[in-house]
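In order, the protein sequence lines correspond to chains A and B.
Each step along the first sequence adds one to the number in this note's numbering, with nothing skipped, and position 1 is 1.
Each step along the second sequence adds one to the number in this note's numbering, with nothing skipped, and position 514 is 514.
Please note that the accuracy of each hint is not assured.
Straight-line distance between alpha carbons at most 20 Å, and here's what the computed DMTMM-like set of lysine to aspartate or glutamate pairs gives [said to hold, decoys possible]:
| no. | chain 1 | residue 1 | chain 2 | residue 2 |
| --- | --- | --- | --- | --- |
| 1 | B | LYS280 | B | GLU488 |
| 2 | B | LYS380 | B | GLU33 |
| 3 | B | LYS231 | B | ASP213 |
| 4 | B | LYS446 | B | GLU240 |
| 5 | B | LYS501 | B | GLU322 |
| 6 | B | LYS231 | B | GLU506 |
| 7 | A | LYS39 | B | GLU322 |
| 8 | B | LYS380 | B | GLU112 |
| 9 | B | LYS231 | B | GLU322 |
| 10 | A | LYS29 | A | GLU40 |
| 11 | B | LYS280 | A | GLU33 |
| 12 | B | LYS471 | B | GLU488 |
| 13 | B | LYS471 | B | GLU322 |
| 14 | A | LYS39 | B | ASP274 |
| 15 | B | LYS499 | B | GLU488 |
| 16 | A | LYS29 | B | ASP43 |
| 17 | A | LYS39 | B | GLU33 |
| 18 | A | LYS29 | B | GLU506 |
Now the stretches of chain B that chain A is said to cover, found in silico as 3 or more residues with beta-carbon under 8 Å [claimed, not checked]:
| no. | region |
| --- | --- |
| 19 | 34–41 |
| 20 | 45–56 |
| 21 | 185–196 |
| 22 | 289–299 |
According to the in silico footprint, chain A covers these stretches of chain B (three or more CB under 8 Å from chain A) [as the list claims (entries may be wrong)]:
| no. | region |
| --- | --- |
| 23 | 71–83 |
| 24 | 200–213 |
Think of the hints as simulated: they come from the structure by calculation, not from any bench.
Beta carbons: idealized from backbone N, C-alpha and C, even for Gly.
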Amino acid sequence: MNLYLIFWTVMIFASIAWYGFLIFYVGFKGGREIGVMTKELGSRPNAEKKS
Amino acid sequence: MHLALIDWIIIIVYLVGCMAAGIWMRRFVRGVEDFAIAGRAMDLNLGIASLAATELGLVTVMYTAQLGYTKGFAGATIGVLMAIAMYSVGRTGFVIGPLRRAGVMTIPELFEKRFGIKVRWLAGLFIVMGGVLNMGIFLRLGGEFLVSATGMPAAWLEWVMTILLSMILLYTVLGGMLSVLVTDYIQFIVKGAGIVVTSILVIWSFGWGNLVDGLWHCWDGGAAGAAQTLKAHPFNPLHESNFGWGYVLWQLIFQIACVTTWQTQIARVLSARDEATAKKMYRRTAFYFVGRFALPGLWGAAALVYFSQHGGLPAELQGLPENQASLRATPAYLGILLPTGFIGLLLAAALAAEMSTDSGYLLTWATVIYNDLISPCVKKPLSPAMRLFITRGLVLAIGVFLLFYGLWYEMPGNAWDYLAVTGNIYLASVFTLLVAGLYWPRATSKGAYAALVLGAVGPITFLVWNLLVVKAQHLGLHPAATPSVVQEWLMHFNQWWPKAKAINPEAAGASSFGLAFAGMIVGSLLSRAPQKTATEKTP
Numbered sequence: 001m002n003l004y005l006i007f008w009t010v011m012i013f014a015s016i017a018w019y020g021f022l023i024f025y026v027g028f029k030g031g032r033e034i035g036v037m038t039k040e041l042g043s044r045p046n047a048e049k050k051s
Numbered sequence: 001m002h003l004a005l006i007d008w009i010i011i012i013v014y015l016v017g018c019m020a021a022g023i024w025m026r027r028f029v030r031g032v033e034d035f036a037i038a039g040r041a042m043d044l045n046l047g048i049a050s051l052a053a054t055e056l057g058l059v060t061v062m063y064t065a066q067l068g069y070t071k072g073f074a075g076a077t078i079g080v081l082m083a084i085a086m087y088s089v090g091r092t093g094f095v096i097g098p099l100r101r102a103g104v105m106t107i108p109e110l111f112e113k114r115f116g117i118k119v120r121w122l123a124g125l126f127i128v129m130g131g132v133l134n135m136g137i138f139l140r141l142g143g144e145f146l147v148s149a150t151g152m153p154a155a156w157l158e159w160v161m162t163i164l165l166s167m168i169l170l171y172t173v174l175g176g177m178l179s180v181l182v183t184d185y186i187q188f189i190v191k192g193a194g195i196v197v198t199s200i201l202v203i204w205s206f207g208w209g210n211l212v213d214g215l216w217h218c219w220d221g222g223a224a225g226a227a228q229t230l231k232a233h234p235f236n237p238l239h240e241s242n243f244g245w246g247y248v249l250w251q252l253i254f255q256i257a258c259v260t261t262w263q264t265q266i267a268r269v270l271s272a273r274d275e276a277t278a279k280k281m282y283r284r285t286a287f288y289f290v291g292r293f294a295l296p297g298l299w300g301a302a303a304l305v306y307f308s309q310h311g312g313l314p315a316e317l318q319g320l321p322e323n324q325a326s327l328r329a330t331p332a333y334l335g336i337l338l339p340t341g342f343i344g345l346l347l348a349a350a351l352a353a354e355m356s357t358d359s360g361y362l363l364t365w366a367t368v369i370y371n372d373l374i375s376p377c378v379k380k381p382l383s384p385a386m387r388l389f390i391t392r393g394l395v396l397a398i399g400v401f402l403l404f405y406g407l408w409y410e411m412p413g414n415a416w417d418y419l420a421v422t423g424n425i426y427l428a429s430v431f432t433l434l435v436a437g438l439y440w441p442r443a444t445s446k447g448a449y450a451a452l453v454l455g456a457v458g459p460i461t462f463l464v465w466n467l468l469v470v471k472a473q474h475l476g477l478h479p480a481a482t483p484s485v486v487q488e489w490l491m492h493f494n495q496w497w498p499k500a501k502a503i504n505p506e507a508a509g510a511s512s513f514g515l516a517f518a519g520m521i522v523g524s525l526l527s528r529a530p531q532k533t534a535t536e537k538t539p
């Protein structure tokens with residue numbers, strides 16, 4: 001089997017696996033980070049909000 | 001059109017959810033800093049989602065699929081080079097580390113500290129010029145994908161482009177980077193799901209062995225009765241028929257410049273909580289960029305094999321110029337392949353890809369125009385509300401420009417080369433300024449001017465010359481009945497110089513890097529050494 005072909009086979013299947021993993025991992029953690037970010041931005045004191 | 005009820009439900013749920021989330025974020029915008037860099041409150045995973053979402057647009061899918069269609073799996077080599085560049089920069093902190101520590105909002109702002117306000121302004125101008133031209137084809141390619149994949153009449157393209165742009169503008173103008181981050185997060189998930197499912201279906205429908213055999217046959221013309229439909233070696237990027245060594249080396253330099261200089265990527269670095277978060281975000285996103293080229297490239301390669309085994313391209317694609325046909329072949333193939341329900345998911349993913357990229361890019365270039373072109377010229381400080389109003393107005397203005405540019409401009413070659421060369425208008429020179437400004441104490445403002453101008457010469461010459469040659473040759477073959485002054489001139493040009501050839505993109509790209517570095521070195525050495533300041537001592 002051609003070495004280049006082996007390389008691309010690994011890259012393509014690994015990419016599918018990596019994308020699949022990130023959907024759940026980043027989906028879960030990123031969602032929590034949005035919650036934290038909006039809470040922080042919403043709780044800024046008024047003086048800072050206006051600056 | 002072959003959309004069933006379930007497809008429409010998927011698309012509408014995505015659009016409503018995304019728009020609602022984007023508009024909801026408007027309440028947190030208090031000033032330009034929130035609008036442009038999300039108040040520097042972005043954490044790691046949101047950063048990964050946003051970076052990946054912005055840099056994988058529908059335009060990306062189109063040109064990477066085109067590379068798969070014309071160069072086989074080897075077309076994804078650029079993605080591998082980009083991943084290497086991302087990981088190396090994330091590991092070492094090269095450029096992005098000091099950039100984040102500087103606490104600036106854009107790259108040119110850093111140049112003011114090192115080279116003075118005029119260099120900042122000029123660099124801002126180059127960044128905007130290269131960036132907006134680069135983005136000019138996004139909307140059109142996105143519209144073409146949607147029209148081809150759904151089987152809509154070609155005449156609907158302008159309407160599709162306009163509606164898409166209106167939706168993107170609505171939440172970007174209102175919520176800026178905060179809306180972009182949250183919608184990027186949703187879009188990252190939707191398009192990730194679409195890409196994974198589509199890739200699995202493509203492999204499933206062919207069988208891996210059959211797909212690989214089909215690619216070999218397209219390359220060597222080995223199948224009975226089949227001609228050579230693939231002109232490049234499908235797996236070896238270094239083969240003379242494929243990219244070759246010269247192009248691969250140029251791309252490696254280009255990708256290092258890209259990940260350290262491309263303002264939409266750097267906007268995520270500058271929005272990150274701190275330097276460590278920014279570096280980690282780069283390392284963890286690196287491998288995503290392999291899939292960014294390899295998976296749409298897989299679809300493009302499959303489209304080539306499919307059409308070569310089924311009597312050629314569909315009727316509506318036959319007779320198109322080669323670069324147009326190769327661009328539209330993949331969406332046409334996916335429209336045939338995907339069953340009910342999956343086409344809805346693919347379209348939602350396609351919309352997500354288009355929206356995330358366009359919104360991120362619109363915001364980035366508007367921020368540079370405000371921060372580096374307008375702001376330094378204003379003598380009296382503007383009120384926060386006025387600054388916000390101007391930035392929002394700029395987002396809107398760039399959107400309108402994109403609509404008209406997308407309708408008017410005809411690409412002379414393939415989409416990737418256009419993007420690489422327009423990006424190069426500023427990449428080569430700004431990369432040189434960044435590296436010299438951060439790591440070479442002897443660099444001066446004279447050297448910076450020389451690098452900016454010389455770095456832009458190659459790509460601008462390429463754009464103008466290639467457009468001229470393509471239009472002149474087209475008019476030579478199909479003369480206009482009542483030609484305008486410009487068309488007459490182009491027809492004369494074709495008669496004077498019928499064998500005029502387009503400039504090779506790697507020659508234009510590589511020369512711009514060489515010229516920019518030469519300009520910086522010669523210009524700096526010929527001028528007086530700068531006095532030492534605190535910023536110069538910060539590598």
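Quick rundown of the hints versus the structure:
no. : hint                : in the structure
1   : B:LYS280 x B:GLU488 : 56 Å, violated
2   : B:LYS380 x B:GLU33  : 19 Å, holds
3   : B:LYS231 x B:ASP213 : 16 Å, holds
4   : B:LYS446 x B:GLU240 : 41 Å, violated
5   : B:LYS501 x B:GLU322 : 17 Å, holds
6   : B:LYS231 x B:GLU506 : 19 Å, holds
7   : A:LYS39 x B:GLU322  : 52 Å, violated
8   : B:LYS380 x B:GLU112 : 19 Å, holds
9   : B:LYS231 x B:GLU322 : 12 Å, holds
10  : A:LYS29 x A:GLU40   : 17 Å, holds
11  : B:LYS280 x A:GLU33  : 16 Å, holds
12  : B:LYS471 x B:GLU488 : 11 Å, holds
13  : B:LYS471 x B:GLU322 : 15 Å, holds
14  : A:LYS39 x B:ASP274  : 19 Å, holds
15  : B:LYS499 x B:GLU488 : 18 Å, holds
16  : A:LYS29 x B:ASP43   : 10 Å, holds
17  : A:LYS39 x B:GLU33   : 17 Å, holds
18  : A:LYS29 x B:GLU506  : 41 Å, violated
19  : 34–41               : holds (count 4)
20  : 45–56               : holds (count 5)
21  : 185–196             : holds (count 7)
22  : 289–299             : holds (count 5)
23  : 71–83               : holds (count 4)
24  : 200–213             : holds (count 3)
Checked against the numbered hints listed earlier, the structure breaks hints 1, 4, 7 and 18; every other hint is satisfied.
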